[in-house]
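*Asks:* So the sequence lines, in the order shown, correspond to chains A and B.
If you're matching positions, the first sequence starts at 1 in my numbering and goes up one per residue.
If you're matching positions, the second sequence starts at 1 in my numbering and goes up one per residue.
Since the hints were derived computationally from the structure, they do not count as laboratory data.
Just so you know, not all the hints are guaranteed correct.
These stretches of chain A come out as covered by chain B in the derived footprint (C-beta under 8 Å, 3 or more residues) [as the list claims (entries may be wrong)]: (1) 12-21; (2) 41-49; (3) 100-109.
Computed list of lysine-lysine pairs in DSS-like fashion (alpha-carbon distance at most 25 Å, straight line) [to be verified]: (4) A:Lys2 x B:Lys11; (5) A:Lys70 x B:Lys44; (6) B:Lys83 x B:Lys44; (7) B:Lys11 x A:Lys67; (8) B:Lys11 x A:Lys56; (9) A:Lys67 x B:Lys78; (10) B:Lys44 x B:Lys78; (11) B:Lys62 x A:Lys2; (12) B:Lys11 x A:Lys42; (13) A:Lys2 x B:Lys44.
C-beta atoms are modelled at their ideal positions from N, C-alpha and C, and glycine is treated no differently.
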Amino acid sequence: QKEVEQDPGPLSVPEGAIVSLNCTYSNSAFQYFMWYRQYSRKGPELLMYTYSSGNKEDGRFTAQVDKSSKYISLFIRDSQPSDSATYLCAMDTGRRALTFGSGTRLQVQP
Amino acid sequence: EAGVAQSPRYKIIEKRQSVAFWCNPISGHATLYWYQQILGQGPKLLIQFQNNGVVDDSQLPKDRFSAERLKGVDSTLKIQPAKLEDSAVYLCASTQGGGQDTEAFFGQGTRLTVV
């Protein structure tokens with residue numbers, strides 16, 4: 001069993017839709033949770049960072065962590081074609097080295 | 001602020017050949033990482049340096065992969081001999097160090113194809 005599970009998609013939504021991306025994990029030692037966005041042929045870039053259960057909002061993005069269920073989510077409101085990318089969840093036990101999910105490919109149709 | 005620089009961007013080699021990748025992290029960043037990203041998968045950590053010392057190389061296939069970070073700045077990752085399954089994007093990342101919430105910045109990666 002992988003430490004971090006993520007649905008690979010692809011996920012196709014119309015412009016303006018609310019997008020929900022999810023990851024589950026099995027390692028209770030994970031304390032820090034991140035979402036990265038990766039455009040084609042580019043390196044990942046950090047979108048959201050959180051270390052506690054609950055919600056964190058930044059503009060159109062909301063990250064949600066439920067440590068009791070070992071489940072994290074990223075919500076994108078008012079999705080735009082420019083949001084089309086692969087979204088990677090990433091987790092850290094505190095060693096400051098990341099364990100990534102496999103990524104979900106998102107396509108926002110204009 | 002300049003980003004993480006990697007070269008080459010693309011490399012095609014035959015199996016059993018050797019190859020080397022180079023990374024220049026963001027100036028002042030103490031921690032440097034090499035990740036391997038196979039097509040359709042998330043990045044997997046190969047090695048983590050703190051300054052010029054190795055912090056974690058538990059997932060580095062040491063029979064064929066080697067990495068060094070001389071003088072705590074630039075780093076090179078070498079594969080010798082390459083196998084078909086080494087075809088992947090090799091990503092270098094760096095962090096400033098210090099607090100836990102320091103962001104990891106990634107380079108654009110080197111796309112390796114082994115034929």
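*Asks:* Look at each hint and say if it fits the structure.
*Replies:* Comparing the hints with the structure gives:
1. 12-21: This one is violated; 0 residues, fewer than the three required, reach chain B with a Cβ under 8 Å.
2. 41-49: Since 7 is at least three, the answer is holds.
3. 100-109: Holds: 4 residues of the region 100-109 of chain A have a Cβ under 8 Å from chain B.
4. A:Lys2 x B:Lys11: Given pair Lys2 of chain A, Lys11 of chain B is violated - Cα atoms ~30 Å apart, limit 25 Å.
5. A:Lys70 x B:Lys44: Given pair Lys70 of chain A, Lys44 of chain B holds - Cα atoms ~20 Å apart, limit 25 Å.
6. B:Lys83 x B:Lys44: This hinted pair holds, its Cα atoms lying about 17 Å apart.
7. B:Lys11 x A:Lys67: Status violated; Cα separation ~41 Å.
8. B:Lys11 x A:Lys56: Since the Cα atoms of Lys11 of chain B and Lys56 of chain A sit roughly 40 Å apart, the hinted pair is violated (cutoff 25 Å).
9. A:Lys67 x B:Lys78: violated, 38 Å
10. B:Lys44 x B:Lys78: holds, 16 Å
11. B:Lys62 x A:Lys2: holds, 22 Å
12. B:Lys11 x A:Lys42: holds, 16 Å
13. A:Lys2 x B:Lys44: holds, 12 Å
Of the numbered hints stated above, those contradicted by the structure are hints 1, 4, 7, 8, 9, listed in ascending order.
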